[in-house]
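Using the sequences and the accompanying hints, generate a full structural model.
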Amino acid sequence: MPDAAPLWAAVVLPAALAVAAVVTAGFDAVLSGSAERGPAGSLREAGLRATAPLREALRLLVQQPRRTTAADRLLGRLGVVLVPVAAVLAGAVLPWGSRAVSDPSVGIVWFNAMEALAWAAVWLAGWGANSALSLIGGYRFLAQGLAYELPHMFAITTAALGAESLRVGDVVAAQDGLWFAVWMPAAFVVYLLSALAMAFWGPFEHPLARDTAGGAAAELAGVDRLVFLGGRWLLLVVTAGFSVPLFLGGGHGPLLPGWAWTLLKTAAVLALLVAGRRLLPTLRMERYMELAWMVLVPLTLLQALFVAVVVLNR
Amino acid sequence: MRALLDDVIFWVLALLAVAGGLMVFRFDSMARATYALLTSLLCVGGEVLLLGLDYLGVVIVLMMTIEMAIMAVFMVMYMMNPAGLMPMTMLHNKQGAAAICAVVFAVLAAGILLAPWPSRRGRPPDDPTMDLGLSLMGPQMLTMMTLGLALFATIVATVVLATRRGRYDRFGDDLKARRADDPVRGGTGR
Amino acid sequence: MDLRGLVRRTAMNRPAVLTVALPGATELRLEAEAEVRRRGWPVVGAPAAADLLVVCGVPAPEHAEWLDRMERSMPEPAVRIVVGESGQVAHALGMARGDLTDRAVTPRGGHVDDRSEAQAGEHGDHEHGEHEGHGPHQPADHAAHMDHTDHQGHGGRMDHSGHDMHAMEVAGLPMAERGDDRDELRLDQLHVPFGPGLGDWPAGLVLRLTLQGDVVQDVEVDHLPVASGPRPPFWDEPWLRAAHGEEVTRGDAVRRRCAAHLDSAGRLLAVVGWDDIAVRCRRLRDELLSGASGEGIGGALRRTVRRVGRSRALRWSIAGLGELPADRARAAGVTGPALAADGDAYDRLLMWLNEVERGLEGLDDTRPLAPDDRTGPRGRLDGPQPPSQALLDILAELLTGAEFACARIIVASLDPDLDELALAPVPGAAHA
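Residue numbers (my numbering), protein chains in the order written: chain Z, 1 to 314; chain S, 1 to 190; chain R, 1 to 432.
The set of hints was computed from the structure by calculation and includes no laboratory data. A hint or two may mislead.
Reference listing, derived: stretches of chain R covered by chain Z, where coverage requires no fewer than 3 residues with Cβ under 8 Å from a Cβ of chain Z [to be verified]:
1. 35-48
2. 71-82
3. 196-207
4. 279-291
5. 311-317
6. 341-348
One-sided and incomplete, this derived list gives chain Z residues near chain S with beta-carbon spacing under 7 Å [stated by the list, open to error]:
7. Asn112
8. Trp123
9. Arg287
Here are a few chain Z residues that sit away from chain R, every Cβ distance over 10 Å (derived from the structure) [stated by the list, open to error]:
10. Trp8
11. Leu146
12. Ala181
13. Val189
14. Ala267
15. Leu302
16. Val307
Ideal Cβ positions, reconstructed from N, Cα and C, are used throughout, including at glycine.
Laid out in structure tokens, this is it:
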């Protein structure tokens with residue numbers, strides 16, 4: 001069982017997540033830049049492209065906030081702020097190496113509950129602005145939630161079942177020899193899909209899609225926009241990072257210390273997701289919903305059954 | 001010290017829960033009322049956590065967040081004005097409601113005051129989650145299974161009754177159509 | 001220089017751009033898009049996210065209102081520029097950035113008053129925003145912000161009349177009405193105009209949608225007035241000029257057709273949410289228009305077309321949307337690729353891309369274009385009506401009953417070019 005981290009870890013966590021988010025967004029900006037303007041000619045150009053997220057953040061800080069007619073500002077603001085808060089709270093149970101800020105006995109359920117706050121957050125942000133387009137974006141996320149949540153819950157339940165514990169530390173310890181990703185491939189893949197869906201990013205960015213002029217974020221400007229969109233990157237980092245203790249053996253690995261392995265694996269998962277995004281159009285829920293319930297739910301149930309049988313017989 | 005902190009947290013959460021519940025009836029917008037209710041329920045989840053029932057507490061947070069978010073969908077379906085422009089109220093049949101409330105409150109309060117509460121015997125279990133699981137899947141298994149199936153059957157039956165279109169509408173009278181005839185096409189063609 | 005100023009200057013070094021094209025300004029839009037991309041400025045799809053509004057084409061007086069509204073809903077510092085002539089774009093963007101940085105460093109004081117007053121009188125639009133923090137002069141905020149405590153006083157009286165409130169207005173905004181949905185549930189519906197200032201949207205198109213949730217219940221197709229300018233519609237130019245007796249090579253015509261299809265495909269792919277390919281299509285479009293040779297561009301173009309053709313996810317995502325069988329298309333007077341595709345949005349996309357790939361060999365063909373060849377990118381230009389008119393005519397029928405997201409995809413998969421409407425009154429448009 002991992003040790004509890006010292007108190008300062010709680011302060012470092014948001015900063016570390018923010019750095020990871022900026023690096024991920026930078027990688028994404030480099031890939032987008034090369035699609036848009038061809039490969040970077042020089043190292044300087046590449047660096048300039050990689051710092052795009054930082055420049056974007058600065059730009060949003062300089063912008064004045066705005067508000068719309070008859071908006072529900074209380075709820076709108078609440079939704080905007082809730083996104084990064086949910087990400088950081090979920091990140092509290094992320095083990096770095098053998099330590100997490102907190103390792104409660106029901107860590108996996110905690111993670112799931114915090115991630116569910118995003119349901120409320122995106123809808124509130126879409127609702128608050130009092131604009132048809134942003135409201136459409138807001139309830140697109142609820143449809144998305146209904147589609148991804150069940151397969152997602154079954155996937156993380158499968159990992160907990162394999163470790164016979166809801167404590168994240170125990171799940172990591174149970175993967176000392178064999179990673180869960182190896183003998184629970186379906187649960188792993190479904191988890192990666194739902195990680196994207198939870199962060200409403202990439203192929204699952206329909207709630208914020210271009211066809212609704214930015215959806216739930218359509219009316220956000222300045223700091224509001226920065227907090228909301230930055231929170232989304234945090235959420236992506238946390239959800240992708242959580243696949244490491246769940247399925248990829250956490251900090252286990254030869255030679256390097258635990259935290260280095262965690263970092264490497266998280267970076268690899270994020271790189272996979274960011275690069276893989278280039279291959280897919282946005283998945284619209286009127287199509288994905290049927291796939292999720294007719295294919296993914298039975299698939300994850302079968303996976304859970306398989307794992308349960310293995311666990312019972314060992 | 002620990003007990004004092006627990007007391008403070010208990011009272012803060014309790015007051016917030018009651019205040020949230022009151023605000024449900026004070027707000028004039030469906031969205032605010034829904035999320036005031038959610039605040040109240042999240043505080044209750046916090047109280048359960050305080051009792052040391054981690055699993056139940058976190059599950060309350062999880063379930064109630066999702067539930068209230070879904071409730072918002074229905075709200076939007078029936079009342080699409082963004083940001084709750086249309087003023088509304090949650091108060092109906094005021095006198096009757098007040099009477100019912102008073103009676104229920106009196107009964108519950110009397111129950112609390114009059115019930116012979118047992119004093120604690122033994123220690124709390126090390127892992128209440130495990131005990132909960134053993135209890136649900138042990139002595140209470142028949143109850144839980146029946147309950148689960150009944151709930152699920154109710155959901156399916158309600159949807160079937162509410163849907164106007166059945167499989168004959170979707171796949172033709174001989175059910176031979178290759179692709180379902182739906183107003184909006186789904187992802188698997190079924 | 002003080003640090004604050006430096007930070008503000010740096011922040012606005014690459015402003016976020018929202019491009020709005022007016023009908024007839026296709027060429028200017030392409031120029032602006034290419035220049036913005038060359039500078040690496042972020043491109044956004046909503047006024048709230050933008051610092052710089054680039055209006056392509058000279059707005060007529062009747063455009064002033066919605067353009068003003070768009071500008072007002074941009075957060076400070078905001079600048080609008082109008083690009084009216086070809087070749088101005090680079091200069092205009094440079095000037096605009098200068099303006100923006102100045103305004104960011106010294107937030108404006110004197111100009112604020114007239115803007116705020118303009119806001120006070122109008123609340124007619126769901127999507128119009130207001131700035132806050134404009135100093136003491138804020139009549140708009142008070143008028144617009146409906147204080148919720150106001151209602152509580154008379155909340156009790158609304159007990160049972162709550163549902164009859166639909167006809168009233170709150171904060172100047174009309175309330176939703178109710179209507180039966182497709183399952184015969186009586187639900188709220190909203191009337192929302194979409195366009196003309198949307199990203200990835202045909203210039204000048206306005207759809208007045210009746211939305212229930214995000215299902216399009218009813219649609220009224222409208223557009224901004226299209227004035228026939230001195231120049232023919234950009235995408236149809238080679239054929240019209242040839243018909244006029246001018247010397248036009250086949251290569252030029254093919255090049256224009258390919259660019260038009262790449263423009264449409266880029267738009268559709270952007271709406272579908274596959275940005276990676278969408279921006280590639282746009283880059284190829286601009287390279288084609290700036291005269292890239294067939295060999296130079298062939299490899300990249302074929303790779304892109306192949307990636308689209310191979311994507312099962314894309315096919316799964318948009319197959320079945322906007323089904324338009326050939327007989328229905330013909331009856332509506334559709335002639336171009338939309339007729340030949342004989343199918344849904346996916347088929348139309350593939351039809352565009354196939355035509356582009358086929359066109360590759362003909363890019364450098366220097367033989368003159370036959371004057372009786374009048375098949376432009378969107379169909380026959382010598383029919384009784386311009387090809388895009390037919391596309392607009394079938395739009396309402398295809399959109400009714402679709403989800404909002406699907407509706408956007410259907411519009412993009414037909415991609416009517418409203419510039420062509422300037423040809424309308426002249427049958428056998430060649431003589432325009």
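* Which hints from the list above does the structure break, by number from lowest to highest? -> Per hint list: single violation, 6.
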